[in-house]
Amino acid sequence: MAYVAIADRDHHLHDPDTFITKYIWSQDHKVIAIQYGVVAIGVGLIALALSLLMRLQIGFPDLFSFMTPYNYYQYVTTHGMIMVIYLLTALFLGGFGNYLIPLMCGARDMVFPYMNMLSFWVYLLSVIVLIASFFVPGGATGAGWTLYPPQAILDGTPGSDWGIVLMLVSLAIFIVAFTMGGLNYVTTVLQARCRGMTLMRMPLSVWGIFVATILGLLAFPALFVAAIMMTLDRMIGTSFFMPALLALGETTDTTGGSPILFQHLFWFFGHPEVYIVALPAFGIVSDLLSTHARKNIFGYRMMVWAIVAIGALSFVVWAHHMYVSGMNPYFGFFFATTTLIIAVPTAIKVYNWVLTLWRGDIHLNLPMLWATGFIFTFIHGGLTGLFLGNVTVDLPLSDTYFVIGHFHMVMGVSPVMVLFGAIYHWFPKITGRMPNDVLGKIHFWMTFLGTYAIYLPMHYLGILGMPRRYYDYGQTDFIPDSALGVNQGITIAAIVVATAQLIFLFNVALSLWKGKRADSNPWRATTLEWQTPDTPPKHGNWGPKLPEVHRWAYDYSVPGDEADFIPQNHPIKPGEESLRVAGASRK
Amino acid sequence: MALAIVIVLLVAGSLLFHFLSPWYFTPLASNWSTIDFTVDVTFWVTGVVFVGINLFSAYALIKYRHRKGHKAHYEPENKKLEIWLTAVTTVGVAAMLAPGLVVWGDFITVPDNALRFEALGKQWHWSYRLPGDDGEFGDTEVRHMTVDNPFGMDPEDPAGQDDILIADPVMHLPLDQPAHVLLRSTDVLHNFAVPQFRIKMDLVPGMVTYQWFTPVKTGTYEILCEELCGIGHFAMRGKVVVDEQADWEQWLARQPTFADTLARPVGDAALGAANYAVCTACHGAQGEGLQALNAPKIAGQEDWYMRRQIANYISGVRGADARDVFGLQMRPMATILANEAVLENVIAYMRTLPDVPPEQTVFGDVERGAKLYTTCGFCHGAEAQGVWSTNAPRLAGMSDWYLARQLENFQQGIRGGHETDVYGDQMYMMANILKDEAAINDIIAYINTL
Amino acid sequence: MMTGLAIGLVLGVTVWWVLIQRLKDKPWERQGVIEGSQDGLTSSAPKVGLWVFMAMVASLFLIFNGAYLMRMGFGHGELVGWVPLDEPGILWLNTFVLVAASGAMQTATGAARKGDLGALRTWFTAGGVLSVVFLAGQLLAWQQLAATGRYGVSDPAYSFFILLTAIHGLHLVGGLVVLGRTAAQVWRGLDTENVVAVGTIRQTVRLCTTYWHFLLLVWLGLFTQLSIT
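So the protein lines, in turn, are chains E, H and X.
Going by numbering that gives the first Met the number 0, the first residue of the first sequence is number 0, and it counts up by one from there.
Going by numbering that gives the first Met the number 0, the first residue of the second sequence is number 0, and it counts up by one from there.
Going by numbering that gives the first Met the number 0, the first residue of the third sequence is number 0, and it counts up by one from there.
Check before you lean on any hint, since a few could be wrong.
Distance condition first, Cα-Cα at most 25 Å in a straight line; then the derived SDA-like pairs of lysine to any residue [to be verified]:
#  : chain 1 : residue 1 : chain 2 : residue 2
1  : H       : Lys370    : E       : Pro60
2  : H       : Lys370    : E       : Leu55
3  : E       : Lys440    : H       : Arg64
4  : H       : Lys370    : E       : Met53
5  : H       : Lys434    : E       : Leu62
6  : H       : Lys434    : E       : Leu483
7  : E       : Lys572    : H       : Lys70
8  : H       : Lys70     : E       : Asp563
9  : X       : Lys46     : E       : Pro112
10 : E       : Lys440    : H       : Ile61
11 : E       : Lys572    : X       : Val32
12 : H       : Lys370    : E       : Pro521
13 : E       : Lys572    : H       : His72
14 : X       : Lys23     : E       : Pro60
15 : X       : Lys25     : E       : Leu198
16 : H       : Lys434    : E       : Arg468
17 : E       : Lys572    : X       : Lys25
18 : E       : Lys544    : X       : Pro45
19 : E       : Lys440    : H       : Gly12
20 : H       : Lys238    : E       : Pro60
21 : H       : Lys370    : H       : Thr448
22 : X       : Lys113    : X       : Thr203
23 : E       : Lys440    : H       : Leu8
24 : H       : Lys434    : E       : Asp476
25 : H       : Lys62     : E       : Asn364
26 : H       : Lys70     : E       : Arg468
27 : H       : Lys238    : E       : Leu55
Here are the simulated distance ranges between beta carbons [to be verified]:
#  : chain 1 : residue 1 : chain 2 : residue 2 : range
28 : H       : Ala11     : E       : Gly542    : 52 to 60 Å
29 : E       : Leu511    : X       : His212    : 45 to 53 Å
30 : H       : Val7      : E       : Val437    : 18 to 26 Å
31 : X       : Val195    : E       : Val437    : 52 to 60 Å
32 : H       : Leu327    : E       : Ile491    : 56 to 64 Å
Stretch-level coverage of chain X by chain E, calculated; a stretch enters the list once three of its residues show a Cβ under 8 Å from a Cβ in chain E [as the list claims (entries may be wrong)]:
#  : region
33 : 49 to 55
34 : 59 to 69
Derived from the structure by calculation, the hints contain no laboratory data.
Built from N, CA and C at the ideal position, the CB exists for glycine as well.
Chain E on its own, in the form it takes in the complex (with noise of 0.2 Å):
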């Protein structure tokens, strides 16, 4: 059958004319990734003065009358939904995955753009229906964010009303949004590269998009399935996880469910979700690390190798969430173990950026600062997760402030700093103008010092034995006085950083506005998104003819070449490859 794709898809590309169908119901890539990046952050704001709140309550118990244990729940359980989620999620995949997915592989687009384009109108309904819940009465759920049951759906819980059954109903379309984007990230990746384009010589950044889509393509059904089943429960009374209760001097009639097995299917869907956000971030930030050092990423098929191998084996560690959750204590012994097999291609993975900037020609530039501040927050969160991570270690410390210190500062801190990282560095290419240096850097300063400030002593009150997920600490015999303290110090340390966000969307207005205009490859880099033939991209990316691609994406500083860096579409010129051979052997 004669299909003549290439042909055929100018046809469909759907050239828009109007403001409307170029910026509202737009079907560009690039268009959606920014409308995903606008509405995550503006979330995530909100997430980000949620938790504001919260520590405001725990530094200062007695100060703010309008906090209560009701609100506090509201506020924990939204903040940390929102930011596994709706921030992080949506933004590396549907933002930065979408805008550089077609970019980096040579495509005009994604392969399904309708679909593209409904899976950002879809997350949108997601996020406004979890808005909507704190409207309704009873407002908000309270149950934490991995809203286990049975508490979840009883009446001791804030929002066990309406808030519950909204929260679920908001997570199942933000999966199915999630289904139509991802499906588009996959395929584009595998049938849409340019010529030239093998798999091996995709950046990174495409390579760590690509195998947390396909993580989240298979993870999200567990929470889709868990959300179903749950709401199914509250609704109309089933007893998948509800066994018989006498809760608040109430029975219900539900007979022999089982707790636990939500825990499975929530964390089936929740560890490989921790990969879903670090993932994108292990792959930009191998891309950032190796442009602004001018050095070719280090061991570039092994850092392929502990993507796919990370990917594949964070499906068989989930239940090192639940070492104390009651489950068959045996399962313990497996689950420690494969754990801490992660942790080797994990560490190769560190060792590798480190690799990289040895014997590099580093420039500090701002996304260079994230870059690096995310080695020492990742090596920081990482090493803390060998604690958790083993089983009997992870006794004393499991729901402690350890966990939390440790999960802001792997899934939390080191993300965002990529998030940072790569809003400066494709600012320009998005945008077509330059960040601002000085706001960045101090955005940056405040932000890495600031947030270590948070979650360092957070783990050493967590060795202390302070429970997480407490509304007030009142008396307890073991907390010294001058722990309290020590949650003043980091509430502070929280509004300062919460402060230097504040500077980042002024540094964001101000450079839309005023910023330096900026060339087509401002960074000097090698990937393609940087060889277009306009600053921004025009719809269709790459003029009249695609690139066609020559070499890997990584030839910084190849010797013998008198420029630093040799972008992927520039053909192998005479005598290249005798050059490149010597210049490899030489070490």
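Since the structure of chain E is provided, determine the placement of chains H and X on it from the hints.
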């Protein structure tokens, strides 16, 4: 350059913080020194890696910073180096994992001579059960649970009759004897954690989980719930008291069996009327209360709450604080009811008194009070009617001025401050969510509308 | 647990395969445009998209399957309140209808390949109608179960039965939407000169058929599991 220096400073600062800060494990009070050992091993291995990699990258950042004319080295990969790094990492990981697995094996293997007891969690309260002389726990089921049978004991099961029931959230354990804790929940997930023992395990409704430890130091240790269990999660506290063997046996002998609780005398209202005469002077003939004498309305209050308060007055848990002027007056009165039969008679009589709503004396912002009351309603009930399973007494239709004073007393620890007053301790934490002066009036104004 | 291992295994095999095939490349040594590599968007993109989607749906049903087994009591070592369901006999008939639908779709694909518009119309529509019959049969099965009055909502075997058949049915409904749109095009008549339009129809018919076979497989799996437990 600055970044490299900052990284070095952060590494140094982290190490100093680790070694100098006062916030570290509480002194160990159980046999689980092996758990601490695994933590130490992990600290050493990860610490070396943390310092090593960060200093290396700081060095690289300085040494290879951009200088004019300098070009980066071209090296796509170095197989030998990568294999070495992988091997060393694997050894480090194994060094942490191996002791972890061994100790976990110990943790899930309960010694044969362990003392078995059950910890029963419910929103937001702990109670305990020992198997009694026959060494066997009786059957329990949720459908048996009532105000008179909070453990849900099967009354037909002979094995349950001698089970020792400890309804208060304070458990005593003998020193140096392994304790095997069976964990059961009636409503949601809870978690039995004692930081000094390093142990922690969830309670899951519908199944029985377990953990074990041997207490090796006498003293009182707090049990914290460490699995979010609803709005009162942070106030769900229990205690483990570790006694010398002899003290423990004495304590044990005082605890009632299930059969004992079934045999509680039935009150006789007619006899109670005579005993109640003493109370009339302050609380009024109809139990309606008298503000002038600072005596609250008692008619219509729940039986189980009366029993507990009288017991608290007698034992000095309540009314012993010098600041509690009116409580001090009540104490000697309460001792009249020290005899269980007398107490039951009086309670039976009080049940016959008419429940007339008292006059409103506290006014405030009802709307704000309604918002604040949301939290209170979880325990006291949406209608402030009182809920036995959360140990929360009735508030609606009771003396409002008295509620105001009690809230103030709770906030200042005048009430609930006694170290064995575990219910009061909970209310102490909850009273402190009212952070400004108007709040108490607002909330009581709202309760007056119920 | 079992689901996890199953997915882990599938993923592991895939990864191993990809590793062997592609990832041994040393990309810095291979220079220039590599011949045989793809050039822009390929014609098989919708097919790949469908396969990725089916992988996701497979994951969904495998996870449901895991939840089902766990709720039955696997991993707890005891069966808690699980009363096996008496499946209505009509399910056998439904199964037969769905097999027939799949067969009709397969025939339609053959007709599309040969360019036999008449046969394509007949068989493609037959596939759709049979699927609707299947769905109606499923509804009937629900009714029969409800009519026995033996099962309350809190009965886990019953609620799982309804939930699983409903999710499967919804996936079929989704397929029917695509099928309906394509069938309308086929009936409206085709400009046989328009290579692109004909190609698109052919591809859609083929993809529908793949999806129908897939849903049939899922149903057979579900039916087997529901019957033996």
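We went through each hint and held it up to the structure:
Between Lys370/H and Pro60/E the CA atoms are separated by roughly 19 Å; this keeps the pair inside 25 Å, and the hint holds. Proposed proximity of Lys370/H and Leu55/E is supported: the alpha carbons are some 20 Å apart, at most 25 Å. Taking the CA atoms of Lys440/E and Arg64/H, the gap is about 18 Å. The hint holds against a cut of 25 Å. A C-alpha spacing of about 19 Å is found between Lys370/H and Met53/E, which places the hinted pair at or below 25 Å, so the restraint holds.
A distance of roughly 7 Å separates the Cα atoms of Lys434/H and Leu62/E; the hinted pair therefore holds under the 25 Å criterion. Between Lys434/H and Leu483/E the CA atoms are separated by roughly 17 Å; this keeps the pair inside 25 Å, and the hint holds. Note on Lys572/E and Lys70/H: the hinted pairing holds, with a Cα-Cα distance of about 20 Å set against a maximum of 25 Å. Taking the CA atoms of Lys70/H and Asp563/E, the gap is near 7 Å; set against the 25 Å cutoff, the hint holds.
Distance restraint check for Lys46/X and Pro112/E: the Cα-Cα separation of roughly 16 Å lies within the 25 Å cut-off, and the hinted pair is therefore satisfied. Distance restraint check for Lys440/E and Ile61/H: the Cα-Cα separation of roughly 18 Å lies within the 25 Å cut-off, and the hinted pair is therefore satisfied. About 13 Å separates the Cα atoms of Lys572/E and Val32/X, which keeps this hinted pair within 25 Å; it holds. Between Lys370/H and Pro521/E the alpha-carbon distance is near 56 Å, which puts this suggested pair outside the 25 Å criterion.
Under the criterion of a C-alpha separation no larger than 25 Å, the hint pairing Lys572/E with His72/H is consistent with the structure, at around 20 Å. At most 25 Å may separate the alpha-carbon atoms for a hinted pair to count; Lys23/X and Pro60/E exceed this at roughly 58 Å. For the hint pairing Lys25/X with Leu198/E, the CA-to-CA distance comes to about 11 Å; that is within 25 Å, so the pair holds. For the given pair, Lys434/H sits about 20 Å from Arg468/E by alpha-carbon distance, which is consistent with the 25 Å threshold.
The straight-line distance between the Cα atoms of Lys572/E and Lys25/X is roughly 19 Å, inside the 25 Å bound, and the hint therefore holds. Between the alpha carbons of Lys544/E and Pro45/X the distance comes to roughly 23 Å, so the proposed pair stays at or under 25 Å and holds. Between the alpha carbons of Lys440/E and Gly12/H the distance comes to roughly 22 Å, so the proposed pair stays at or under 25 Å and holds. About 24 Å separates the Cα atoms of Lys238/H and Pro60/E, which keeps this hinted pair within 25 Å; it holds.
Restraint check: the Cα-Cα separation between Lys370/H and Thr448/H comes to about 13 Å, which is no more than 25 Å; the hinted pair holds. For the proposed pair Lys113/X and Thr203/X, the alpha carbon gap of about 15 Å is at most 25 Å, so the pair holds. Of the pairs offered as hints, the one joining Lys440/E and Leu8/H holds, with about 19 Å between alpha carbons and a cut-off of 25 Å not exceeded. The hinted pair formed by Lys434/H and Asp476/E meets the criterion: a straight-line CA distance of about 23 Å does not exceed 25 Å.
The suggested pairing of Lys62/H with Asn364/E holds, with an alpha-carbon distance near 16 Å, which does not exceed 25 Å. With a C-alpha separation of about 51 Å, the suggested pairing of Lys70/H with Arg468/E is violated against the 25 Å cut-off. Proximity of Lys238/H to Leu55/E is assessed by CA-CA distance (about 29 Å); at most 25 Å being required, the pair is judged violated. At about 53 Å, the beta-carbon gap between Ala11/H and Gly542/E stays in the expected band of 52 to 60 Å.
Range check, Leu511/E to His212/X: about 51 Å between beta-carbon atoms, so the 45 to 53 Å window is met. Between Val7/H and Val437/E the beta carbons are some 24 Å apart, a value that agrees with the proposed interval 18 to 26 Å. Taking the beta carbon of each, Val195/X and Val437/E are about 54 Å apart, inside 52 to 60 Å as hinted. Leu327/H and Ile491/E have their C-beta atoms about 43 Å apart, which leaves the hinted 56 to 64 Å range violated.
For the region 49 to 55 of chain X, the stated coverage by chain E holds: 4 residues have a C-beta nearer than 8 Å to a C-beta of that chain, and at least 3 were required. Counting residues of the region 59 to 69 of chain X whose beta-carbon sits less than 8 Å from any beta-carbon of chain E gives 6, enough to reach three: the coverage restraint holds.
Violation of the numbered hints given earlier is confined to hints 12, 14, 26, 27, 32; the remaining hints are satisfied by the structure.
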